[in-house]
Amino acid sequence: MGDVDTDLIDIKGMEDANLSAFLRKNAISLTISEAKKIVELIGRNPSLTELHMFNIQWSEHSSYKSSRHILKMLPTKSSNVILGPIEDSGIVELGYIDGERYGIVVSHESHNHPSQVVPYEGAATGVGGIIRDVLCMGAKVIATADPLRFGNPYGENKNKARYIANEVINGIAGYGNAVGIPNLAGDIYFNESFDDNCLVNVVCLGILKEKDIIHSYAPKNAEGYDIIIVGKPTDNSGFGGAAFASLILDEEAKENNRGAVQVPDPFLKNVLIRATYKVFEEAKKKKIALGFKDMGAGGIMCSTSELCSDADYGAEINLDKVHVSMKNLLPFVILCSETQERFTWISPKEFTPTLLRIYNEDFALSTIAENARATVIGNVTKKQDYVVKHQGKVVCNVPIKAVTNGISYERQLKKPIRDFKEPQLKEPLNHDNYNNYYSYNKIALKILSHPNVASKQKCYKHYDRNVMGNTIIESGFADAGLIRAMPNSKYGIALSVDSNPRYCRINPYLGAVNAVAESMRNVAAIGAVPSALTDCLNYGNPEKPEQFYDFAEGVRGIKDAAENIYLRGTKEPVPVISGNVSLYNESSKGKAIDPSPVIACIGVMRDYEKAITIKIKKANSLLFLAGKRKDELGGSIYYEINKELGKNAPLIDFEEQRNIIYAVIECIENGLLLSCHDISDGGLLTAIAEMILGGNADGIIGAEIDLCFSNLRDDKTLFSESPGFVFEAEEKNTGKIKAVFKKYNLEITSLGITSANGFLLIKNKDKKIIDLPINKLREAWTSGFPDAIK
Amino acid sequence: MRLNNMKKPKIAVMYFPGNNCEEETRERCIEVGMEADIVRWNSKEDLSNYHGFIIPGGFSYEDRIRAGVIAAKEKIMESIRKEANNGKLLLGICNGAQVLVETGMIPGLSNKVEMALAPNTNPLVTGYYCAWINIKSIYKKTCAYNHLYDENEVIAMPIAHGEGRFVTKDKELAGKLIKNKQIVFRYCGNNGNIKDEFPINPNGSIYNIAAISNKEGNVMAIMPHPERASWQWQIPELKKGNGMASAIKVFESMKNYIEERMI
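Chains Z and U, in that order, give the protein sequences.
334 is the number that the numbering used here gives to position 333 of the first sequence; each next residue is one higher, with no gaps.
25 is the number that the numbering used here gives to position 10 of the second sequence; each next residue is one higher, with no gaps.
Calculated from the structure, these hints are not laboratory results.
There may be inaccurate statements among the hints.
What the hints assert, rightly or not - If you only want the chain U side, here are some residues facing chain Z, beta carbon under 7 Å, derived: (1) E39; (2) I53; (3) N57; (4) P173; (5) D185; (6) A189; (7) G190; (8) F213; (9) G219; (10) Y222; (11) W248.
Yeah, the Cβ is synthetic: ideal placement off N, Cα and C, and Gly gets one too.
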């Protein structure tokens, strides 16, 4: 075992109580048994630097110590996967263009705890971090998306919930707009389970040629290669961020945790991205193989050890060479701080001068941010040890695999009691009772203005959605965003995110299944083919068996849905290519958030000209329903406005989902549909109203609907969130559409017609149910969200 | 001022630290048949080789002090000003427009800064606002950027800015700009009606001004983004065809103008 030149912490000799006090005093969250395990692993007592290093590497955030064995269930290896979830981002095939295989790079992360503590910076650095994850694969970064969950804006903590929502939205905008990456998709849910713990997830897409991938490990024959860090000078910000992400948020400790949140600098990042593209270009020209990695959790320590360890090398780091912005930083702070806007390169010595020139001279980083630059801080060694020097002394010297292997736990699982009941609601009154609070008209408007249903345009208008000039369908105009993959090609990339917290509250397995199925339907509704999934698994405390059970059930749900809604034309799963686990999402009172397996679905479109939106295109066309309405309103908005949760969340029949998704895609590819919308929150009524209004809420064509097809009570037909689609088509195409659906053993139902009369009229045979002018729909749908975050 | 042996108009798309629309702006120049390079703020290149310059959108110098003010004082801007004074084209889009106003080149009636781009007034969103709007070409062929537009032609484009409201303290300035035909594009509704109310006027700009040229017509500052609205597929709810959309005529006009006068 290697020696160090500094004092060792006598873990072996300390009493448990003293050890515990020592760990607490040094802000180390390792348990006593974990601290002792370090001694076992390295064969001696550790130095303080080594102890801090293991503290971060063995945090839940970095080690996946609770979740790793459960995540193994997920399907990650279908034939379209270029790179599974093992490096900083996953890569799925886009297609072949001029004989070259192109990949879509995807990463999906959370920045939940930082956003709860300092929402603007927390959300901004979330965007910053995810962009680095995608860029460091050698990709051009092309889009981001933000699934957000906030506290109840009308509940007891409404002021805080609204404050956090506004600041998070501003933080996302402040960062993403400045670096210049378009925001393509996202969703927002509010409920009281997120009062003390908001969720700020972020997804990022990139594009590259398969042959240009730069891996997150050292290339072949890398012995003696330089280890270079580039970007912002290291400071103490974000020290212990990974460990912080793995703690429960305690209101009183919040002040102390602020230091664990990093400071965003999108201005520097804007320049860094462009300089990095130049490095890619030069390396390609000179045919140089490099290693490249984002510096996120664990800072220099994590990036340098993983880059070398994963290629079976060691590393020698000299902390005195690291460019810093503060004096007298302790060695473990320099080594592990999570200062933003930094990357690590592994570069052969002959390429190092070029790399340094691009950052330090061509893009003059030090004129952009004080003392920002690229610096050689060490080199790759054949001996597989991780050696760190500070002021001439060795402060860390351990086998590199001991640093990177992590630990794992098999946590206890216990099925929690979920004693939910279906409510017996009175049927609303028909249209004549317009002024009655319990009339269909009033309830329809109440649903449309519910913050979880209402238009999020006010939020999206803070985001730059069309920078880079590639955006084809912007957030809110369809169920998924769509972007041109690259110039001179008609490939489009679709992106949608989904997870319904209330379904997950009722049944964590079914909630996850629904999240996967809906994200795929969303992509299909514009005509894109679901190609890959990512998951950000936001759950409670893994040390509590009931909360960990929900996590395991969520993963099982994702696995079942991904494996049974096959990749088009195969029996392979839709692969999960990237993801993240965020545990300990509970308040200090021990209340966990609703289980939240947030799913992103990436879709590929061969010809983006075929894409359609949700907006009704013309009067006197026909509206159809695909997907039977069922009495499964558990978790629905209809129940929520009646202050009920219910018990029967929508069930997913995998074969039917598969068929309905591929039938809709085939119809769109054949140009048979004018518009199409997935049925989800708010049910059929909401889907039709949103089609009338369109993403910008400026629609003028109404609809006349007859519910005579349904055996359910009218409220259940209108408000059930059973999976399905509504679509608009010209009468002359009816036969062709029916033929496509028949091929998939499905039938479609005629709902009615679109009309120029300016109303949404709904009846069941002779019984009039709803008659609302479009401006009433508009008012409800566009005011709900601005009112909620005012 | 003919440049010999150059078949294609050649444009320098500038990159100041923090700009973020340089790639797509360059792409549009190339699509209409010009050559275009991205030129960094610290470049030592001889700028006289270019027929025109575009300062693209973004957040140069992170909008420190005021949007555009630091880039306006960069050394390279002096060289660009010299080229523009010789009749070369200079277009500022969004943040680039803010830079040109801060240099005083727009509206350029004196040697002073005569206007400002103030924070939007907008009842819906405070600060940065990204939305699709319509503008109208008021004239035809009064400057290098409306060469191919018809009078009153309506053009869809997005805006994406927090400070895009053209204002001035000089009460007579607007009158002079109208008289000189310097107000090239104005915000309007989708049928061309000009009303000074949100959302038709999305930022509260005086006289619904979306773009102003200098008196000579070779320099223009425009707040909306033509490079994001140049193809049908870029425009929301338009059939996703592959044809050009009317905003591309800003770039085509530049090409046309250069070819008529400089090559």
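Item to complete: List, from low to high, the hint numbers that the structure doesn't satisfy.
Response: Of the numbered hints, 2, 5, 6, 7, 8, 9, 10 do not hold.
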